[in-house]
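With the hints as extra help, turn the sequences into a complete structure.
As given, the protein sequences belong to chains A and B, one line each in that order.
According to my numbering, the first sequence is numbered sequentially starting from 1.
According to my numbering, the second sequence is numbered sequentially starting from 1.
Worth double-checking, as some hints may not be accurate.
Remember, identical chains collapse to one label, so a pair may be satisfied in a single copy or spanning two.
When the alpha-carbon atoms are kept at most 35 Å apart in a straight line, the in silico DSBU-like pairs for lysine-lysine are as follows [said to hold, decoys possible]: (1) K250 - K370; (2) K175 - K450; (3) K175 - K417; (4) K406 - K492; (5) K250 - K489; (6) K262 - K313; (7) K489 - K427; (8) K313 - K489; (9) K432 - K450; (10) K50 - K110; (11) K175 - K212; (12) K450 - K332.
Simulated from the structure, these hints should not be mistaken for laboratory data.
Protein chains: 2
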Amino acid sequence: MASVRAAGRFQPAARTALQAGISQQTRSYASLFAGEPSGPEIKTQIPGPKSQQAIKELDKVFDTRAVNMLADYTKSKGNYIVDPDGNVLLDVYAQIASIPVGYNNPTLAKAAQSLEMINSLINRPALGNFPSHDWAQILETGILSVAPKGLDQVFTATAGSDANECAFKAAFMYKAQQRRGGPDVEFTAEELSSCMNNALPGASNLSILSFKSAFHGRLFGTLSTTRSKPIHKLDIPAFDWPQATFPLLKYPLEEHASENAKAEADALADVERLITTFPHPPAAVIVEPIQSEGGDNHASPAFFRGLRELTVKHDVLFIVDEVQTGIGATGKFWAHEHWDLPSPPDMVTFSKKAQTAGYYYGNHALRPNKPYRQFNTWMGDPARAILFRGIIDEVNRLNLVEHTAKTGDYLYAGIEKLAAKYPGQFKNLRGKGQGTFIAFDSPQRDAFLKKAKTVGVNIGGSGESAVRLRPMLIFDTEHADILLEAMEKIVKM
Amino acid sequence: MASVRAAGRFQPAARTALQAGISQQTRSYASLFAGEPSGPEIKTQIPGPKSQQAIKELDKVFDTRAVNMLADYTKSKGNYIVDPDGNVLLDVYAQIASIPVGYNNPTLAKAAQSLEMINSLINRPALGNFPSHDWAQILETGILSVAPKGLDQVFTATAGSDANECAFKAAFMYKAQQRRGGPDVEFTAEELSSCMNNALPGASNLSILSFKSAFHGRLFGTLSTTRSKPIHKLDIPAFDWPQATFPLLKYPLEEHASENAKAEADALADVERLITTFPHPPAAVIVEPIQSEGGDNHASPAFFRGLRELTVKHDVLFIVDEVQTGIGATGKFWAHEHWDLPSPPDMVTFSKKAQTAGYYYGNHALRPNKPYRQFNTWMGDPARAILFRGIIDEVNRLNLVEHTAKTGDYLYAGIEKLAAKYPGQFKNLRGKGQGTFIAFDSPQRDAFLKKAKTVGVNIGGSGESAVRLRPMLIFDTEHADILLEAMEKIVKM
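This is the structure in structure tokens:
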């Protein structure tokens, strides 16, 4: 493999035993993304002098304190992000898990140059009032072609947080309607007037139940369900909504089966307690298939089936937040396909890798009883819906969901070996059988992420101590080898 | 003028006296948008058979109950929206006031085809973490080139509601920081833990003060400040935040000067009362320069100066919501330029005609004391920022702000004449000297809007009885004449 790399490029000192069969992998890799750099190349510290200068300029007008690194997207390609100083990094963070098929993907470039895209960019409609004649077709050949089983309708939105808030609103209106006696019962004069004062009975005293360490967004409704980190929540008004215990599983799973089963049973009991006793009864429960921002916390399919059963039992809506887990990264198109649910979720929210956003639903009654109750000016963006259709085409063309399942297994096995070789450095390895949606805890996580840049890899963290791997769907065993080598270098530094 | 129209096109039966000087106007019109239809053309009822079929198809997967009309954007041009049945309507609603320079504007089409646009569409960054090397330049040549006086920084967002919520968050963090004793005072252990329970002291007990009949968006925070209509608010949890009286001016203004001055003084007194006594003290006051969704309610520059003075006096932030009023429609680039404020607003929010969104600010201290407090994955969209730059180029090239001021005066004078001719049909005419941002009350508003379609004009409403005119910036006296004729036909129907 080394021979395909340009001279002067980053060359890991040691090659692992995982590189058997590389020539075959190289071929498959080449077919996935032609013309990608053959490996990382680090020329300067990061940020280098050019980046530092640009960040300084930018900071005059735009807060740059969260800048991780500056990027030159005209030069980035496939799995590789390039910075203005010419540094080339293997990117397994991928814009906080939101780049699906690689930088400057040719299929997407084609979609972006289509007449349809240009038209949708310059003639953005108010979708609820003035949809285009072909909006149904754009939805059916794109967003709805990958709708989760049982959910055949969509409300489109602009970003994940927006999608979740709109799903919450659908849940509140549905439950209030139910309590009122059905969609045909008219609002009372008192409801009509009190809601204008943000007061009961017109406003709602219902809630959304979420889990400890969950992340569902940072707008005021979603932030009230986000329980990941204080820095997200400090000084912001929040609703008095319930948070249930999330089962914190112990690893390796096979050594803690009974403890973990008990943790999940306890968590479900906590959910049931809150549903039945919390002063503001939940209209819905929202859950991530894998808590991402909160630290890559997993639970078993049995837990999620139990959760689905509880919501059915107590007639509470079940919202699955697939903003980060959706679009193939777990080796299924939707992560909740791993669960074998007895009935579909009521709503599934999506964004990030979809490059658009919204919620899927199946029950027609989740459309509120009158128009304009769920409404806003843009209600999404056809341009981004067209881009998602291009992404879906690319995922199908390259069979990227199955590919990611396989590459994930390969990567997981590699990290398992590293964990055995370097005890304590790759703790609580998780994500087995979950595609490339893999994480582990590092004793010096922040230092780990910083060192990763010096060896040519861009990696993100989650929670307090997790290293979260979020490669793109075009990540291959070739890249897994580079990542594994880099991680070995890091822990030896 | 009739000669420039294609045979068979819609021909108003009567021409008004306003059409003097038409040949000159036709020339200026032609230079604004070449190839635009010469007038409306109505072939079927709306929706016609093709539209009805398409709406039926769409409704299977997407709620269509708020559909006003279906559009074929590939055929729409300039000020004219075209539907699948071939109906051509003069559009003075313009996607709820969000199309600035016409359908299929060639300058925007060029921007949409640029390499920069394609790159930004297919490589969407997480802007807070991985901005592009040229993000500062995109901001400076676009969004910031039209920044309101005194505000030289921006936080970018995806839509108006999102922009307002982010501005609220900035206000809450700023005020909490101030109360805490400055940006260097660390959070207490109790704050860090209580915020995770959505509880004080970590969460905030502060509020945002808005006005009766205001509209600031429909997410949970913004909806708590929106007080336009019950249909927006029913069954949704809301924060206990204060709403102040908005002065309801009487028209014509010159006949009610002292009454109106008293209404404004009373409203300001109400604001001061709420700032000083409301149990949840306001961190900020948010106001629209002209309440749009709530019924096109205006107030005088003196009122807004008074409001600015009150916020300074009580050290409350002053947020001006220019989502609907911004980008030239009032004959100034920003509507608050009409006010001659003693000091700039603390934040100005924007979206709609900008086709992107965000809030401008000037005080560096409005950046929270730590990174990641104001943050989300995308934090806006460079593709849409590039489009806004194209819009700004077009506005400057055609001098569209001044143009809109002039066309607005012409249109206003025409409606004044109609109001004199048809007493009671064009009540409370408002928006004099405010560009084309004109409205009046109609005794049968909903019927008025419906009839408008039959005479080839797409018009929107606001509040209970207002007809709100929201032409694009390329609307010219030529179009004003067509609109005036159409409105005369409507009231004679």
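Evaluation of the provided hints:
1. When the C-alpha separation of K250 and K370 is checked against a cutoff of 35 Å, the pair qualifies only between copies, where the shortest distance is 33 Å, while the shortest distance within a copy is 48 Å.
2. For the homomeric pair K175 and K450, the shortest alpha-carbon distance between copies (34 Å) is at most 35 Å, but the shortest distance inside one copy (47 Å) is not.
3. Taking identical chains as interchangeable, the C-alpha atoms of K175 and K417 are never at most 35 Å apart, the minima being 50 Å within one chain and 51 Å between chains.
4. Proximity of K406 to K492 under the C-alpha cut-off of 35 Å is restricted to the intra-copy arrangement: shortest distance 28 Å within a copy versus 71 Å between copies.
5. Taking CA atoms no more than 35 Å apart as the test, K250 paired with K489 passes inside one copy only; the shortest distance there is 27 Å, against 75 Å between copies.
6. In this assembly of identical chains, the alpha carbons of K262 and K313 lie at most 35 Å apart only when taken from the same copy (21 Å versus 58 Å across copies).
7. Taking the shortest Cα distances, K489 and K427 sit within 35 Å of each other inside one copy (17 Å), while across copies they are farther apart (76 Å).
8. When the C-alpha separation of K313 and K489 is checked against a cutoff of 35 Å, the pair qualifies neither within a copy, at 51 Å, nor between copies, at 59 Å.
9. For the identical chains of this complex, K432 and K450 are intra-copy neighbours only, at 25 Å inside a copy versus 59 Å across copies, given an alpha-carbon limit of 35 Å.
10. Taking identical chains as interchangeable, the C-alpha atoms of K50 and K110 lie at most 35 Å apart whether they share a chain (31 Å) or sit on different chains (30 Å).
11. Taking CA atoms no more than 35 Å apart as the test, K175 paired with K212 passes in both settings, with 24 Å inside one copy and 28 Å between copies.
12. Only within a single protomer do K450 and K332 lie at most 35 Å apart by alpha-carbon distance; the minimum there is 31 Å, versus 48 Å between protomers.
Checked against the numbered hints above, the structure violates hints 3 and 8; every other hint is satisfied.
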